[in-house]
Amino acid sequence: MADFIMPSLGADMQEGILVAWRVQPGDRVHHGDIMAEIETQKGLFEIEAFADGVVGPLLVQPGPDKIPVGSLLTTINAPGEAVVEKTAPSATRIKISPAARKLARENQVDITSLRGSGPDGSVCLADVEQALTGTQVQRTVSSGKSKKEMKDFKTGMRQAIAAAMSLSNREIPHYYLSTDIDMSRALSWLEERNRQRSIRERLLPVVMPLKAVALALKDVPELNAHWVDGRLDLKKEVHIGFAVALRGGGLMTPALHNVDCLDLDQLMAAVGDLISRTRSGKLRGSEMTDAGVTVTSLGDLGVRTVFGVIYPPQVALIGLGKISEQPWAENGEILARPVLTATLAADHRAGDGHLGAQFLDRLNRLLQEPEKL
Amino acid sequence: MDAAAIRGIIEKGLLQIAPEAEFDDLQPTENIREELDIDSFDFLNFLIGLNEELGVDIPESDYEKLITMNDLTAYLEEKLQ
Chain A
1 MADFIMPSLG ADMQEGILVA WRVQPGDRVH HGDIMAEIET QKGLFEIEAF
51 ADGVVGPLLV QPGPDKIPVG SLLTTINAPG EAVVEKTAPS ATRIKISPAA
101 RKLARENQVD ITSLRGSGPD GSVCLADVEQ ALTGTQVQRT VSSGKSKKEM
151 KDFKTGMRQA IAAAMSLSNR EIPHYYLSTD IDMSRALSWL EERNRQRSIR
201 ERLLPVVMPL KAVALALKDV PELNAHWVDG RLDLKKEVHI GFAVALRGGG
251 LMTPALHNVD CLDLDQLMAA VGDLISRTRS GKLRGSEMTD AGVTVTSLGD
301 LGVRTVFGVI YPPQVALIGL GKISEQPWAE NGEILARPVL TATLAADHRA
351 GDGHLGAQFL DRLNRLLQEP EKL
Chain B
374 MDAAAIRGII EKGLLQIAPE AEFDDLQPTE NIREELDIDS FDFLNFLIGL
424 NEELGVDIPE SDYEKLITMN DLTAYLEEKL Q
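Quick note, the sequences are listed as chains A and B, same order. Under our numbering, think of the first position of the first sequence as 1, with each following residue one higher. Under our numbering, think of the first position of the second sequence as 374, with each following residue one higher.
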């Protein structure tokens, strides 16, 4: 039997709302089937089963209550397995010092979301102060859901990003590297390829560096990893978080799966699908958590160099700027070439600059042989 | 098809990718992508929509000519003649 719990869809998530069950007790489910819909500060997500089996009793009913990450929602039982009665999570009493409770109440901090650092995990004054000066994500958002719904969503989104980015800057010693890549071979190859195709089948330039990132990560796997409890957890699959700006503000970085195995046409289709589902709020929970690295492309607005902030627990973020014509010196001559500035922000706890340099060098070389991508 | 009808089709396509767009505020000589904050994926989808609605082939080498509402209208008008 496996517990199906309120998942954490990122370092910034503390709680979620169960919006709907998509299964009934006794239903047979397979790995990847949609079990439930939950709402977080970043929107609505479909949550998949992570194992094959039979759905046990539904311990939590859909409703407006915020359910902490890790709470038991139901179980997935092996076929034929006797169902063990489990009970719904009951509100456990929170140990908190009187001074901390007072400060929390004055500042509307939700004490159930604080991690206590005192004896027996009790919440002390410093924990509340940290919540106030740090991420502030635990501040209770007033939940008047009506005409304020959109405003609340934006506030929630901002708080979620604030929490993740504050954590990143507080804990991750970033180092930054940058390299200029001559894109003339890649772009002429792409132009020739697109010329033979209808508009619906054409590729956008960004798929080439995306695929090259995936292949370079196969050679430098230490950057496709999570840093958890002081250890580097290397990812077997190359799932790349792709930063997608939302209309009206906000940002999400859902994962493109197995990018190293996709050809450029499949990758173009996958990127288009991911962007449209991100903007229409139809992402799956797994897409929010299983990226081993993030790519952010800001070239559309003319940015040349991206100085990224890593999305924890990942250890690297690759930034792509605008491909623009630049003076390029080669063999004693200066020529105009289309140039892409690629940057790497990486976690110095997880690796050193030499590793990052190897990655950018590999990325550059791959983009000089576009026909192999 | 006259310029007004073409403009109507352009606006309909833009509303699909930028639902909050207000065309009264968009000058005919302004950069559409900058004004409406349209990225390269959405712009390609917009061009695919025009291609399917009007049957006009838009080669990739022409993308950079299509900056303003005036550019787009004139380009499509010429192609449709």
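I should point out that these hints are in silico values taken from the structure, not numbers from a laboratory. Since the structure is predicted, the reported quantities are computational estimates derived from the model, not experimental observations. In this text, a Cβ means the ideal position worked out from N, Cα and C, and glycines have one as well. Don't take each hint at face value.
Computed Cβ-Cβ distance ranges for the label pairs, DEER-style [to be verified]:
#1 A357(A) x S413(B): 27 to 35 Å
#2 Q400(B) x I334(A): 35 to 43 Å
#3 G281(A) x D375(B): 33 to 41 Å
#4 D273(A) x D410(B): 18 to 26 Å
#5 Q196(A) x D410(B): 27 to 35 Å
#6 S198(A) x E451(B): 45 to 53 Å
#7 H31(A) x Q389(B): 31 to 39 Å
#8 D410(B) x M1(A): 43 to 51 Å
#9 R195(A) x D410(B): 48 to 56 Å
#10 E426(B) x R22(A): 56 to 64 Å
#11 D375(B) x S198(A): 41 to 49 Å
#12 E201(A) x E426(B): 33 to 41 Å
Using 20 Å as the maximum straight-line C-alpha spacing, the simulated EDC-like pairs for lysine to aspartate or glutamate come out as follows [to be verified]:
#13 K154(A) x E393(B)
#14 K438(B) x E191(A)
#15 K66(A) x D27(A)
#16 K438(B) x D3(A)
#17 K322(A) x E408(B)
Consistency of the hints with the structure:
1. A357(A) x S413(B): 27 to 35 Å: 29 Å, holds
2. Q400(B) x I334(A): 35 to 43 Å: Because 39 Å falls inside the window, the suggested range holds.
3. G281(A) x D375(B): 33 to 41 Å: 38 Å, holds
4. D273(A) x D410(B): 18 to 26 Å: 21 Å, holds
5. Q196(A) x D410(B): 27 to 35 Å: 32 Å, holds
6. S198(A) x E451(B): 45 to 53 Å: 20 Å, violated
7. H31(A) x Q389(B): 31 to 39 Å: 35 Å, holds
8. D410(B) x M1(A): 43 to 51 Å: This hint holds: roughly 49 Å between Cβ atoms.
9. R195(A) x D410(B): 48 to 56 Å: 29 Å, violated
10. E426(B) x R22(A): 56 to 64 Å: For R22(A) against E426(B), whose Cβ atoms are near 36 Å apart, the range 56 to 64 Å is violated.
11. D375(B) x S198(A): 41 to 49 Å: 27 Å, violated
12. E201(A) x E426(B): 33 to 41 Å: Violated: the Cβ-Cβ distance is about 18 Å, outside 33 to 41 Å.
13. K154(A) x E393(B): The given pair, whose Cα atoms are some 16 Å apart, holds under the 20 Å limit.
14. K438(B) x E191(A): 16 Å, holds
15. K66(A) x D27(A): Status violated; Cα separation ~26 Å.
16. K438(B) x D3(A): Not satisfied, since the Cα-Cα distance of roughly 57 Å exceeds 20 Å.
17. K322(A) x E408(B): 18 Å, holds
Violated hints for the displayed structure, listed by number in ascending order: 6, 9, 10, 11, 12, 15 and 16.
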